[in-house]
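Take my numbering: the last position of the sequence shown gets the number 119, and nothing is skipped along the way.
Among the clues, some could well be false.
Cβ pair distances, simulated, as ranges [said to hold, decoys possible]:
(1) R11 - A110: 17 to 25 Å
(2) G35 - R55: 29 to 37 Å
(3) S24 - A54: 27 to 35 Å
(4) Q32 - S98: 26 to 34 Å
Hints listed in this document are in silico derivations from the structure and should not be mistaken for laboratory results. Where a beta carbon is used, it is the ideal one built from N, C-alpha and C, also for glycine.
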Amino acid sequence: MLPLSSAVWRRLQRSPFRRRFQLSDAEWHYLQTKGWPQVLNHARDFIDTRLAPARISYDGRQTPMRGHPVFVAQHATATCCRSCLEKWHHIPRGRALSGGEKLYILALLAHWLAAQTPR
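Working from the sequences, and respecting the hints, build out all of it.
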């Protein structure tokens, strides 16, 4: 598994695009209502179906900008598509994600979601 790096967080925070993402009231409510286990299960499913395959014909368009806390977290952490994973996290496109890489992405998403201020 790739290590969670404070350097990654600093780079993400310097990006005007990445740092503008925040959970809406509805997304925050969804997280609170469904609970962490369910939302993290959704994250695992999104990673497996939308990011893990070696080839994604709609790469760059597979993750909505809002509507689910995980979608927002994916954009905030640059784990929304294989292009961003390659650019920000040096995980190359063109091959399936390893188990360790999937865990790394899940950890990034969980960390970002946990850092969000309750409303």
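Do G35 and R55 keep their Cβ atoms within the hinted range of 29 to 37 Å? Distance hint for G35, R55 holds at roughly 34 Å.
Taking 27 to 35 Å as the hint, is the beta-carbon distance of S24 and A54 inside that range? Holds, at about 33 Å.
Does the beta carbon distance between Q32 and S98 stay inside 26 to 34 Å, or does it fall outside? 32 Å, holds
CB-CB spacing for A110 and R11 relative to the 17 to 25 Å hint: 19 Å, holds
Violation of the numbered hints given earlier is absent; every hint is satisfied by the structure.
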